[in-house]
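Colleague: Those sequence lines, one after another, are chains A and B. The opening residue of the first sequence carries number -18 in the numbering used here; numbering runs sequentially from there. The opening residue of the second sequence carries number 4 in the numbering used here; numbering runs sequentially from there.
Be aware that a few hints might be false.
[Claimed, not checked] Straight-line Cα separation of at most 27 Å, BS3-like style, residue types lysine-lysine; simulated pairs:
1. B:Lys566 - A:Lys140
2. B:Lys566 - B:Lys547
3. B:Lys599 - A:Lys140
4. B:Lys599 - B:Lys566
Source of the hints: derived by calculation from the structure; they are not laboratory data.
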Amino acid sequence: MKWLPTAVAIGVGLVTLADFFYRHPLLDTIGTAFREWTILLTAFALLLGLFNLLHVHFLRVARRNEPNPGYSLVLLATALAVTGIGFWFGLPSEPMTWIFSNLYLPLQGAFFALVAFFLASAAYRALRANSFATFLMLAAALIVLIGQIPLTSIATQAKDWILSVPSEAGVRGLLLGVALGTLATGVRLLVGIDRPYSE
Amino acid sequence: MIYCAQCGTQNKDENKFCSHCGARLAPPAGLICPMCSTPNPVDTVFCNNCGARVVPLIAGVDRPAAPPPIKGLSLPTKTAAPPTPAPREDSENWLANLRAATPTDNEAESETKWARDENADAEIASDSATTREDDPAWMRDLRRAASDAPADEANQRDDFDQPRETRARSDQETAQAESEADEPSWIKRLRESAQAPEPALDRDDRAIKMERAETRDDIVDQDALPDWLQAETPPEKITPEPELADARAQNIAPLRAEETSAPRAAEPETRAGEMPDWMRMAMPAEKKDEPRLEPIAPEEIPSWVARLKPTDAPPIISGESEAAGPLAGLRSLLPLANAIAQPHAPAKPAPTPNGKTGAQLFQAILAAPASTEITAPEMKRRAPAMQPILYLLIALAVIIPFFLPTNLASSGLRLSGTPAAEFYDAIQTLPANANILLAFDYDASVAGEMDLLARAVTRQLMQRRANIIAVSTLDTGPALAQRILEPAARENNYRYGANYLNAGYLAGNEAGLAQIASIGLPTNARDYLQNQLVRQIQIATNIKSPRDFALVVVLAGTDDALKLWLEQVQARANLRVAAATSAGVEPKARAYRDAKQIVGLVSGLIGAAQYEVLTGQPGQAVVRVNAQSAAQIVLVLAIVIGNFAWLISRVGKKI
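Chain B on its own, in the form it takes in the complex:
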């Protein structure tokens, strides 16, 4: 649950805004998953919800699990953002600050060894004084008070001139302020009583306090530190005044007891009534077992401290100041905190075995002499061996029937009950001088197939003495129509304008056909031959509405053309439509025929041959049916042989 900072309303965890006042809710602490926005604990590497990585991965480095947070060091425990190259200005700023803080050569020489050791002691003391996260708040507080060491002294090197007591007190106050929100009330009162104004100190009290400071350092430094760290303890200590030595000797033992065990032992008795039950149940066992706060055991020293153990390597000796470059004016080693805090380039990934192999191969390629001849890749294309043979067979099957005086295929044409017969009957039943709208909606690519159909149909229409008005929704249609109409007109003594008319191109597709369905013929249409207004030509003067057309014959090379006529004209004006289509349109045209939207259907070369036979004038269609049938036989044989060969090869592979 998230409580609104504005009104205190309790909201759900997933809410971003308060459900009561609409204020933006504070985002949850921790790492926000970039994939699902789920908050995760700080030390999480992979999201608890979706498993996505919440800690950026440095390129080339396989990062292990997140390391445990380093206690007692002011280093960031959270993995830093992906390192980016530091801007020049930023680097110069922090270097300038560091340069300004760098003492001169004389000042550096005057820095004594005990001062440097003091820094090391302070860092270790701050480490030990830092409370553990898993300990109760009261224990952390007590441990911090017992250690009584400056927690952040490592980051406050400029405070060396302050008295040790002042520094210790300020650090303790800082630590208390940080944990003030989490500690129980009884601890607050306990601290307030401990921080009450002290009375004026006499000489003995000052000696005791000085000894207390030294004792705290001894507790931490001498007892908890390993031998190698104890060896680094500064030999120079603040020497008390001679007259205070006796008082120190007399009060040292009670003082230690007072600092460690006395406050802890008194708490459960004096504040037991104010403590919660769980705390009362938990505290006695711990206090009985630990009557005195033990200093940090050597086993608890973090690993990073162990790594600081001095080795036999020669120490780095401060030398001359840098004269040029970005480090000009600086000497010795850079502070660790600054080096870590500043963004820096990502670590260079360690070469992998594959990378090494690739690099060696690349080096070998570069070292090899360049080849002068570039050989063509030997990509033998698997050319199907049957393809040219198949092409040759089909070509022969198409050509040879034209030279053979046989009607083998055409003799088997079925006529009765076919769609072609229905088409033929639809024209045969037309009254004399009926107005027929003949649509030439095919282009030149299918003209070899469709011209045969168009000729047969036109011939029959003219035999029935129908008035033919030809249109086309394709720009090449009028020219194709003229090639069909003109010879047929000569054969049947048809006169242009009086018995037939080429009304030309009908633009607009659906809109043009809608005009026909609406007013019969477009008012502004001009014919193909004479470029006159169609409405003014003799044959068209009888057309006042689409109802004046007894039949619409659509010669469709594509199914879209047929569909346009059926949708825009047949359905709208309820006209009778007969379709002569290419063989590829037949499967779709059958659906309209079975739905009685078209009164007759004749398709492809077979349909043209049937129609020629029906009209009693066998022509080119009958001849071409033989060629088409021969080609189809070749194709069927090729498919069957190919499947057999494939099956045999498959069986052979299995064997």
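Pulled out of the complex, with its shape left as it was, chain A reads as follows:
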């Protein structure tokens, strides 16, 4: 029965691919059903990830030899509290909105704001004109940084040129490479060479 998952994967993939390229009532119906199944599976995977996270941290608390079990304890307590509030008051509700706006958002924003300090420190230490290549990188970084400041139009135009010409060329190369890799991976899945579902 090892052929069954492969056959299902190839069949579903071919039908979905055909639905992408051709407009047909039967293909649309089947394709829509497949996509809805996928949405259900994705939601289930999200729930599974939540249980896995809770399980891991519960084990960290249960095992007394794990380092820093206090963080896991905080996570379990917070998850339990938010889940309980959500079940009790419903979603969305005023308590849940307050938790989201006054706890979740500020913490996330603060963590992301720290990146600015780390980037500044890293830029100060790493951006050195050791060679011609690093000199080019340093010059481009300085031009983009100065061009972001809405003071001089010349610097802004230089920044736009760097982002539109050399930077965009590199980005397009990356996107083309990713597209080719995705295409190759899709073909391998469709012909059954790659079978991640059976591993």
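Given the structure of chain A, go ahead and fit chain B onto it with the hints provided.
Modeller: Only chain B this time, still in chain A's reference frame:
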């Protein structure tokens, strides 16, 4: 070339199976390289092909080049496999065999000195009788016949009771059988004639034969051996019968001539016509120069024999038998052959100078008293001195502009011809009551930047009286959307369900977006506020297909989110898409904008400030642009100063 044993087909050397019949070909003789499988000669230490070592190296012993094979001794010339500790059972087996073969005390005492000397003589004779590998086969055969000594007598100590002649004959037959395959046909015939059945011997013949045996021993032992070995020659010899002494004296000289020179001299004349040309060219010179086979010269005695020369050290005297242990029941020295043949532990490597130094150091450490205080390692971390200063400067640059009533940075905002202006125009040209799909695809980490963009765009959309349906492919998106939509709706008198809708979380990533591209809105989706089916809400009843959306506005916090919308919705349903992204997404989003996949692009805090200015309602974005600009100026100065300091230090080091 390798010939198949099954069909005789000629195969290449590297073939493992016959190319004709498929039979496995016999592996080539010699040492097979473990790395490249190339066959090498027996005495090879390193592979001729790849240079890998083909002879195992004993740990700790720097093995020199392979020693030359010892001729005349039944020791293995090929280096043995890595020695492994001998199993107890094997050791006991060979010891049991040896114990069974060990004579009793009375029998050992009855063993005479001449018997022991006979063993030594036999070993030396076998050494001299063994042919050299580089000699021609016929010469080896002749030399073996001339020596006429038992080659393997050293390994056949249990045959002492056999007559000397019988032993000599059996050894000669064994040697002939071994070299029979290599010798020329004329030598075979010569041997057959020499081995013809002898007639019945009379008393004179027996005396002559006995003398022949003694003479052969004399030739080898007395002439070839050094003085110290001649001294070990057994004084007791088989004494012939008295009446045969005269016959012996008369026939001794012709017999020697017959044994040595006569057969060799007759061969080229009698068999010359049957010999190959190369042999005929090679043989006369050798025979003319050597009319008589000389015994082995003293210079040719192997070094191992020289090492056997007795010294002044007292001989080991056989003592009492072992009473206990693995050697119980044994006495005297163990046989050399058994000791070598049995696997034994590897030789203990000699200590190297470094090893001695290390051992002494380790001993000193062990002998030193234990330290009670463990001092922390003095690892002074090279903390960059500029780092806290840089952090402080950036913090000040971000905070101070909020308290200064200045619009220095925001006053220089360029508006015309920018991507933000394109975005603004795309919304401004929308017809009234157009259906807009607004995607809140950013999370809380970039909410400080993206909320400003979302507010500005939502405000403009509501000013244009567009019907807004908000979705999100992130689980936190609906909550973020509600924070933006609700205040804007209050400002613009928008009614939930009628003018705008928060359709909630769109699960499935690509699959969810493909549903939108296929049927407009998912059939089973429920809104965020009322948990009703989206399809049953008033604003969504007008949406039958994706074509009913006049514009899709993607608020993307990551480039992956924007890419998903462009790949699954824009490319599939050919919808107009405008993107408002964080500053980090702008470099990638520019590629889609230049490819006309998105009709407008506004990015980061600068884009939000531009949009606020464009909509005529400057807000938080304009204020924050000042702080961001000040922080960027500090960062640029830090980078420039750091490079100058680095250059100065570099120049100082060179000077």
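Colleague: None of the hints should be skipped; say for each whether it holds.
Modeller: Each hint tested on the structure:
{"no.": "1", "hint": "B:Lys566 - A:Lys140", "verdict": "holds (24 Å)"}
{"no.": "2", "hint": "B:Lys566 - B:Lys547", "verdict": "holds (25 Å)"}
{"no.": "3", "hint": "B:Lys599 - A:Lys140", "verdict": "holds (21 Å)"}
{"no.": "4", "hint": "B:Lys599 - B:Lys566", "verdict": "holds (14 Å)"}
When held up to the earlier numbered hints, the structure conflicts with none and fits them all.
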